[in-house]
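Trainee: Each chain, letter by letter, is given below.
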Amino acid sequence: MNMFPGSFDSAPNIANWFTINKDGTVRMVSGKVEIGQGINTAFVQIAAEELDIDPDRIEISAGNTKDGLDGGCTAGSQSMQTEGISVRKAASAARMLMLSKASELLQSDVRELNVIDGEIYLNDNSTNLSYWSIAKDIDFNQPVEIYMQPKLPSQRKLAGKSIKRIDLKNKILGTHEFVHDIELDGMLHARVVRPPSVSSRIIKIDIDKINTLKNLKKLVVNGSFIAVIAEREEDAVKLAEQVNKYCKWSTPDKIIEDPLQFIRDTKSPIINSLDKGKIDVLRFDGISTEVSRKFLCHASIGPCCAVAQWKGNTLEVYTHSQAVFAMKRTLASIFNIDESDVDVMHKHGSGCYGHNGADDVVLDAVLVAKEFNGTPVRLVWSREDELSWSPLAPGMVTKIDANLADNLMIESFDISIKSPPHVKRPSGENGEYLLAAEHMSNPLNPPNPVDTPLDKGGAADRNSMPLYDIPNIRIQKQIVYDLPWRTSAMRGLGAFVNVYAIETLMDDIASMQEIDPIEFRLKHLSDPRIIELIERVRDISKWTDRSSGLPKGFAFSRYKNSGAYCAMVVEINVDEDIELINAWAVIDAGEVVNADGVKNQIEGGIIQATSCTLIEEVNFDGEIISATDWENYPIIKFKQTPQIQVELIDRPEEPFLGVGEAAHGPTAAAISNALFTAMNIRIKQLPITRERIISSLNI
Amino acid sequence: MANKYSLTVNGQKHEIESDPDTPLLYILRNDLKLKGTKFGCGGGVCGACTVIMDGLAIFSCDTPIWSIDDKKIETIEGISQDGIHPLQELLIDEQAGQCGYCLSGIIMKVKAITDDDPTKSVDDIANELDRNLCRCGSQLRILNAVKKYLDGKSSR
Ligand code: FES
Ligand code: FES
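These protein sequence lines are chains A and B, in that order. Under our numbering, think of the first position of the first sequence as 1, with each following residue one higher. Under our numbering, think of the first position of the second sequence as 1001, with each following residue one higher.
Note that these hints are calculated values from the structure, not bench results. Heads up, a few of these hints could be off.
[As the list claims (entries may be wrong)] Take a look, some chain B residues computed to stay more than 12 Å from chain A by CB distance:
1. Thr1008
2. Lys1013
3. Glu1015
4. Thr1119
5. Ser1154
[To be verified] Pairwise CB distance ranges (calculated):
6. Asp1062(B) / Gln643(A): 31 to 39 Å
7. Lys1153(B) / Lys456(A): 49 to 57 Å
8. Asp9(A) / Lys1153(B): 52 to 60 Å
9. Asp1082(B) / Lys209(A): 51 to 59 Å
10. Asp1062(B) / Lys209(A): 54 to 62 Å
11. Asp338(A) / Asp1116(B): 54 to 62 Å
12. Ser10(A) / Thr1119(B): 53 to 61 Å
13. Arg111(A) / Asp1082(B): 51 to 59 Å
14. Asp56(A) / Lys1013(B): 34 to 42 Å
15. Asp54(A) / Asp1082(B): 45 to 53 Å
From the three backbone atoms N, C-alpha and C, an ideal C-beta is built for every residue, glycine too.
Pulled out of the complex, with its shape left as it was, chain B reads as follows:
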């Protein structure tokens, strides 16, 4: 049965009519056409679908729409609205990525962690990225970019 939900995505308010169980991922990708958030496993293990909800990184693949009514969502498309986000700049500098499929989820996770606690070390972050997988082996370059990002944050 379709219900009405309202959610704010990247600062924009949307009214969505949907079955309550529909995962947020499909609302973002197919209703709002925000395709930067990816499907990977549907089970909260790979991190490809990571978005930020009220400051917290969540897996949009196993978050049903009923549970996020009235919440604020941030996706990969949202973080560079006022110019490229510094973390993204550093990832570009480091050429951190190969196929690139995993990247948006990883970026959102790192952003959520560091926004919440800028004092985290790169090792802390590597540990917290336990549920963000990359098949191509881009981890080293991603962590190098994250390290520079943390250095930049602490010197700011």
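Only chain A is shown next, with the shape it has when bound in the complex:
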């Protein structure tokens, strides 16, 4: 692994990360952005630990291209694993640099010095020196690499403590400024006028009529990208609807009746993700499963928003994008301007743990703002835009054929995955996957994205590699590019369906052999870390006395096979609908920085995954996406909230492991396994709805 993961290419020096102010505060730069996961609180905590200061002293600036620190995209539960280490190194280097200066001034050895909240002590006696007094005489433009000296696990004091989220208090008080709340002088409001479906294009637009509409400041027409600008927000909302009455759009020529069947029937080239041992393709005498999931919406509560302002040929954007530098490069390339003339600044948005229209709305706002050079323009999507014009999470089909050996152990898994692309993020290098880029008069046609290979974490095939001791495994994937709908990353990517396939199949085989499903798994495991995890959840959930009480189900996975481990037991109630009542999760995330932050991520993950497992699905009417509001795309409600108990196995000596997406797959599979226990039915198509249960009972 790269010794300097994260942002060191763009930020090799201590000064790139930290500014020590004489008023006793520290400014810290972060390349990762807050999407609800609490990442910057964890970074503050890591930095405070290494610097030996109170976390409250640190002000963080995150995801601002003006800071020059390029942390890449905030995604894939990678932030702690990569950037967390960089923050630790950079902070330790800042401390060491300041201590070397102090040792010079005190004519002492660095080893005789220690720090308490920024005050410097010599052999435990106070000196008149502190970070705040000596920083001005230090040149922080020194390589992190030379000075870094992170503490040993035994020296850490803050690690594992649950400090409070730095942003949450103001969010609870209603005073936090989200991107939606930015107010700039003279700011105008805009909305996009949407075609009826993805491949519709404008045929005719009655501009004369439109120009007579009240309160219209300007109509923007750029090919099929049409938007309205008004001084007041509610006028922009109204005008977008009115204008659409004067637009004639083409109707799509290709109708796909059953998108999941289309995916199943794909002729896309087969990509070999993994070949381990030997699969006897001629022999199949085992047991197989084919599971699928319908398309899902990202479904943020607040629709996507961006604020853009052109000043001559320079551009400033406020956004909740997960990748500000990629956005900067993409905008420079689309508008053919210098990268140095674009600045992109992150502001918190409304969460979903996926790639919704956060990037798309940026281009919308920038195109509109171009018509009013010098004036800031704020553009918020409508509810319908958010649900049906954000990229969808792709529908997906995973099939596994398992053969068993004579001793009834699993001999082989032959796995096939079919899915539209999971990741279509703008990259700036011919990856301008932005909605408006398809509608502009010179539409961009970026090439199809390459599905991340399995050894880099995979995308469609993420978590398709079982961690059980199975001697022969073949994994193949086919990426379906010829569906009209835009798709991109949602929490877990392919892991959601692949873990569902593996973990429900494990239960199917165990049941065939009449073995306890956890026992059956343990027979196929040798990694002590996994065994400890599973035994723990078995204990805390009282798995073994299952004779009474609600039906239970179990599932396990390690996110990406390289992130956090998650073993889960759930209890469901099967009545008119299925309801998740209790969940127990045991998590091994390596070294834990903020225990409560990890728990919050897992609890939230379980609740969101329950919604995806039991409720959510996008339907299509021809090409039209059915999800236009919360009535036809319902998500989980308060009354459906389960009780959740999360336990962490802290391993301070081990590296951080990302937790953000760890709970998704196990939640779905554990619920399905509990239903299997309760009713002996296996629902193979997600979501598990009452209709699917009834129809599987009728067969």
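Since the structure of chain A is already known, use the hints to place chain B with the ligands on it.
Mentor: Coordinates of chain B with the ligands only, in the frame set by chain A:
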């Protein structure tokens, strides 16, 4: 056509000139600069825009200004004017929230329910939060805070 309306928001009287159909949400956010109240759906389904009108939780996104002339409105900014509201304190203690976008609407709804009837149970409240959505899965922690809030109320 612009008309004149007077409304009291968080104890302060305002005279507003506005088209009668303008939703209260935009008056609060854009005229009075009270940005704690959020837009989510515009259709009275998600609860992000919830404020309290004369003691009752309403969706400000589909409440036109003409219908609230002379009414008293309370927003998220108003409930902590004399120090952090106990419900907010408990939410902070529980670290109830992730992106936080849904929170102000949920807080206003819970406050309206419990001000009106302090004997409600946490299950009652969960049922009444049917039109308050959260995408990040913060429901469990929010309900835990609400439970403590109810316990505190009944022991007071
Ligand atoms: S914005 Fe008012 S209920 Fe959704
Ligand atoms: S915390 Fe993100 S929507 Fe509720």
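Trainee: With reference to the structure, classify each hint as holding or not holding.
Mentor: Hint check:
no., hint, in the structure
1, Thr1008, "holds (18 Å)"
2, Lys1013, "holds (21 Å)"
3, Glu1015, "holds (18 Å)"
4, Thr1119, "holds (19 Å)"
5, Ser1154, "holds (21 Å)"
6, Asp1062(B) / Gln643(A): 31 to 39 Å, "holds (34 Å)"
7, Lys1153(B) / Lys456(A): 49 to 57 Å, "holds (53 Å)"
8, Asp9(A) / Lys1153(B): 52 to 60 Å, "holds (55 Å)"
9, Asp1082(B) / Lys209(A): 51 to 59 Å, "holds (54 Å)"
10, Asp1062(B) / Lys209(A): 54 to 62 Å, "violated (28 Å)"
11, Asp338(A) / Asp1116(B): 54 to 62 Å, "holds (59 Å)"
12, Ser10(A) / Thr1119(B): 53 to 61 Å, "holds (58 Å)"
13, Arg111(A) / Asp1082(B): 51 to 59 Å, "holds (52 Å)"
14, Asp56(A) / Lys1013(B): 34 to 42 Å, "holds (38 Å)"
15, Asp54(A) / Asp1082(B): 45 to 53 Å, "violated (28 Å)"
Hints 10 and 15 from the list above are not met by this structure, while the remaining hints are.
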